[in-house]
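J.: Protein chains in written order, with UniProt numbering: chain A, 1 to 267; chain B, 1 to 267.
It should be emphasised that the hints constitute simulated quantities derived from the structure, not laboratory data.
Okay, derived cross-link-like pairs now, DSS-like style, lysine-lysine, Cα gap no bigger than 27 Å in a straight line:
#1 B:Lys192 to A:Lys107
#2 A:Lys154 to B:Lys133
#3 B:Lys197 to A:Lys154
#4 B:Lys257 to A:Lys154
#5 B:Lys154 to A:Lys154
#6 A:Lys154 to A:Lys107
#7 B:Lys107 to A:Lys192
#8 A:Lys197 to B:Lys107
#9 B:Lys134 to A:Lys33
#10 B:Lys133 to B:Lys197
#11 A:Lys134 to B:Lys107
#12 B:Lys134 to A:Lys107
There are 2 protein chains.
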Amino acid sequence: MSAPPSPNPLHGVEVLLFDVFGTVVDWRSSVTKELENLGKRYSLNDSPQDWLDFANEWRKGYMDNTRRIAEGGEGTNDVDIMHREILDTMLSSPRWSHIGEALTEEKARVELNLVWHRLDAWPDTLPGLHALKKHLIIATLSNGNVRLLVDMAKHAGLPWDAVFSSALWGVYKPNPLAYASALHHLSIVPNKEGTTKAAMVAAHLFDLRAAKKAGMRTVYVRRPGEDAGLSDEDRKRLSESGGGNIDGVDVVVSDFKELARLFGDSE
Amino acid sequence: MSAPPSPNPLHGVEVLLFDVFGTVVDWRSSVTKELENLGKRYSLNDSPQDWLDFANEWRKGYMDNTRRIAEGGEGTNDVDIMHREILDTMLSSPRWSHIGEALTEEKARVELNLVWHRLDAWPDTLPGLHALKKHLIIATLSNGNVRLLVDMAKHAGLPWDAVFSSALWGVYKPNPLAYASALHHLSIVPNKEGTTKAAMVAAHLFDLRAAKKAGMRTVYVRRPGEDAGLSDEDRKRLSESGGGNIDGVDVVVSDFKELARLFGDSE
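Chain A extracted, bound-state conformation (with noise of 0.2 Å):
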């Protein structure tokens, strides 16, 4: 987007929450280079891209997971717990047996497990969210439980002003518990006419159209490699001009520092 949209669909916003895995870190690049460590660590012969296939099918597991849980389904509410469960089958695999026969210390498997904790931010995530704090509560709203998110944002210096997770209420997001508890405690109060002080900041549509429903507004950030779950109509829409067209978001943006210049960050 060249220029602000006019009026800006953000005016009056005074909290923005944000989505965290993928829309504030590089899950993909960052699970990716351990792995690869790993691999040279064990003398593995895994090729790059075999790497990148075991860090999206350990992904995959979470996101089929936690949308399964979030709709009622039997499960943890601890993603630790859950990165782990995912990770002990997928060891036990036939592609990946030959890793979970060299990985057979329970030390080596917490410490990789516990790699979801160590995530890079995107390039321009912390420049965009100090710009970002100076005008705004910022705060994630994430499916992680709370110490990986600060565990996190130590490791990549991230700003938040308060760190939110589904966990604290016992669901996953989608479920609308998780925007409406934030909310609540953030002493803001949801609408339907597009004036509520808080907006959501994702690159995944299905969180952005349950936080509009919520009662938030919306804002759609595109990240490489995030979009693998959009419909071909989503997907043509979002790549039309300006993106302002697309069911349940406001507004759509390339990268954080985008996102701060419509706040006024002139930087």
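Fit chain B to the supplied structure of chain A, relying on the hints for placement.
T.: Only chain B this time, still in chain A's reference frame:
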């Protein structure tokens, strides 16, 4: 304390949870200063002692109410609402009704009520927290609601890694659920052996004794005026050298810079 106790009773601690009102911020001076300004704006003739009494009476209402509700009594779980109820009652009372008659506008009462979001830090708070944040996770565990704590952090520059309010769990400290829930979401396992990886920091013994019962380690910080609720026996013990013989307290410090030195900060 001139030298760290040996062995250091905080060895292995990786999370510090801070009480806020009185421990991190000087509510008494902050509220009194705003009340004096209000008096000038409305041409009221109250003396500095009157304004101090007003602040103390407002605070006492909060302490009495939170303690009663923490023990299972009826009442709001939002301190903004509680502060306002106490304020309105005070402004109808014989001593303060002349102020109530001046403050007729809803907007003026809302603004005054939010003074609790604008409290200033004690002088050692910022250097202490910045030093501690290098080594540890530092988070609030306060009876203030989340928005109050976030507003205060932005006002006073408090660099929290996470903001926990007992309101997240529908209780007030010293209800055991507040301490247990904060530990759970930080993936900390409590125990009674003094090896828990989290410690509570507070200027009030009732808070530390509840934290100790919940399996945390505890740090008492001396803050002027905050020991009003102490028994004579506890006050005598605290005035003795070291203070390490107080039931429920592992360490006594004079301020947050001394606390940081216990974690190796040499500044």
